[in-house]
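As they're listed, the protein sequences go chains S and C.
Mapping of the first sequence onto our numbering: residues 1 to 198, in sequence order.
Mapping of the second sequence onto our numbering: residues 199 to 396, in sequence order.
Hints listed in this document are in silico derivations from the structure and should not be mistaken for laboratory results.
Among the clues, some could well be false.
Using 27 Å as the maximum straight-line C-alpha spacing, the simulated DSSO-like pairs for lysine-lysine come out as follows [as the list claims (entries may be wrong)]: (1) S:172 / C:341; (2) S:143 / C:370; (3) C:341 / S:140.
Remember, it's a predicted structure, so these values are computed and weren't measured experimentally.
There are 2 protein chains.
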Amino acid sequence: MTEQRAPRKRGRPRGGSDSRERIIGAAVDEFGEQGYDGSTVRSIASRAGVDSALVHHYFGTKADLFAEAVGIPLRPDIDVPGIVAGPRGEVGERLVRYVLEAFEQPDIRRRGVMLMRTAIGSRLTTPLLAGFLARELIGKIAKTLGVADAELRAALVASQIAGLLLTRYVLKLAPMASASVDDIVARVGPTVQRYLFE
Amino acid sequence: MTEQRAPRKRGRPRGGSDSRERIIGAAVDEFGEQGYDGSTVRSIASRAGVDSALVHHYFGTKADLFAEAVGIPLRPDIDVPGIVAGPRGEVGERLVRYVLEAFEQPDIRRRGVMLMRTAIGSRLTTPLLAGFLARELIGKIAKTLGVADAELRAALVASQIAGLLLTRYVLKLAPMASASVDDIVARVGPTVQRYLFE
Chain S
1 MTEQRAPRKR
11 GRPRGGSDSR
21 ERIIGAAVDE
31 FGEQGYDGST
41 VRSIASRAGV
51 DSALVHHYFG
61 TKADLFAEAV
71 GIPLRPDIDV
81 PGIVAGPRGE
91 VGERLVRYVL
101 EAFEQPDIRR
111 RGVMLMRTAI
121 GSRLTTPLLA
131 GFLARELIGK
141 IAKTLGVADA
151 ELRAALVASQ
161 IAGLLLTRYV
171 LKLAPMASAS
181 VDDIVARVGP
191 TVQRYLFE
Chain C
199 MTEQRAPRKR
209 GRPRGGSDSR
219 ERIIGAAVDE
229 FGEQGYDGST
239 VRSIASRAGV
249 DSALVHHYFG
259 TKADLFAEAV
269 GIPLRPDIDV
279 PGIVAGPRGE
289 VGERLVRYVL
299 EAFEQPDIRR
309 RGVMLMRTAI
319 GSRLTTPLLA
329 GFLARELIGK
339 IAKTLGVADA
349 ELRAALVASQ
359 IAGLLLTRYV
369 LKLAPMASAS
379 VDDIVARVGP
389 TVQRYLFE
């Protein structure tokens with residue numbers, strides 16, 4: 001193993017680099033086996049043989065660590081609540097545009113489609129996506145809305161966005177796959193707006 | 199093999215019963231390998247070693263044969279275009295209610311979730327669901343609407359319905375899974391109505 005180790009990047013101190021990699025590896029295994037809700041920073045730290053404080057130091061929260069482990073260069077758990085908390089006028093359109101413009105980038109689309117296929121295709125990994133959606137997206141959006149039925153409103157938005165991604169990028173249904181981002185934003189934006197505020 | 203054959207049901211003539219089973223088996227294999235669009239009644243008949251006319255005689259169209267092969271006791275390809283062609287007032291609500299009331303039945307839900315998991319989870323079987331949706335649902339709804347952007351309107355409906363089924367029955371997101379059918383119909387019905395007619 002050690003003889004074939006690739007040259008280290010960015011001159012990071014060796015112990016640190018090893019710990020980081022071990023933590024990421026432990027996170028991938030732990031999320032995969034326990035789902036999002038069943039994994040904790042503590043259980044991942046323990047699996048990696050390091051202290052929880054070191055995990056927090058390198059990666060921040062559980063959501064940060066998940067984003068790092070999945071390798072998606074996008075943080076909907078930070079961006080989306082920000083959009084919902086912004087000016088109310090066109091939250092729906094801005095949110096749909098944010099998602100589509102992300103998925104139009106090949107690297108994000110490839111990883112996103114892979115994540116959807118994996119999470120939906122297997123009973124074992126479904127809790128991974130479901131837990132992340134519930135805690136880090138729906139939960140945060142609902143908190144931002146702060147009304148009695150906020151959780152259901154946020155989940156309805158998730159249902160339309162999930163169906164959009166599924167039909168356009170996974171099933172690639174012809175009229176969805178060929179429609180322009182602007183056209184879809186104009187048609188789906190008002191749906192999201194209504195689910196959130198009306 | 200023959201010694202262990204189960205007693206035949208309904209006293210159907212033996213040759214006929216064998217042919218029916220062989221056709222269903224061939225349909226399952228052919229749809230699985232070629233997808234919905236890549237399979238024809240002719241290719242399924244050839245695989246089963248029977249004449250195309252016999253397949254039509256026993257099962258009708260390719261859509262009929264697909265429904266039989268998948269084993270879902272529900273014919274959205276017949277029911278949904280019927281709903282869309284009905285009185286315009288509340289097509290959206292009636293359509294959402296139709297889908298939810300079907301999936302509230304355990305037998306349909308179990309097979310439907312299995313079909314979604316399989317079709318989305320594997321690159322190989324995705325064309326199966328995509329082709330059926332495109333030809334037998336979106337295509338027929340679009341024909342009923344008869345406007346220039348009918349295909350996209352029908353596909354948007356498919357996106358919301360797919361996302362609804364995904365979040366409520368596959369991911370089981372808490373607020374979606376626990377909401378009543380009436381509540382979801384009231385919130386999602388107007389979305390479907392708007393995609394179709396506004």
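Failing hints, ascending?
-> 3
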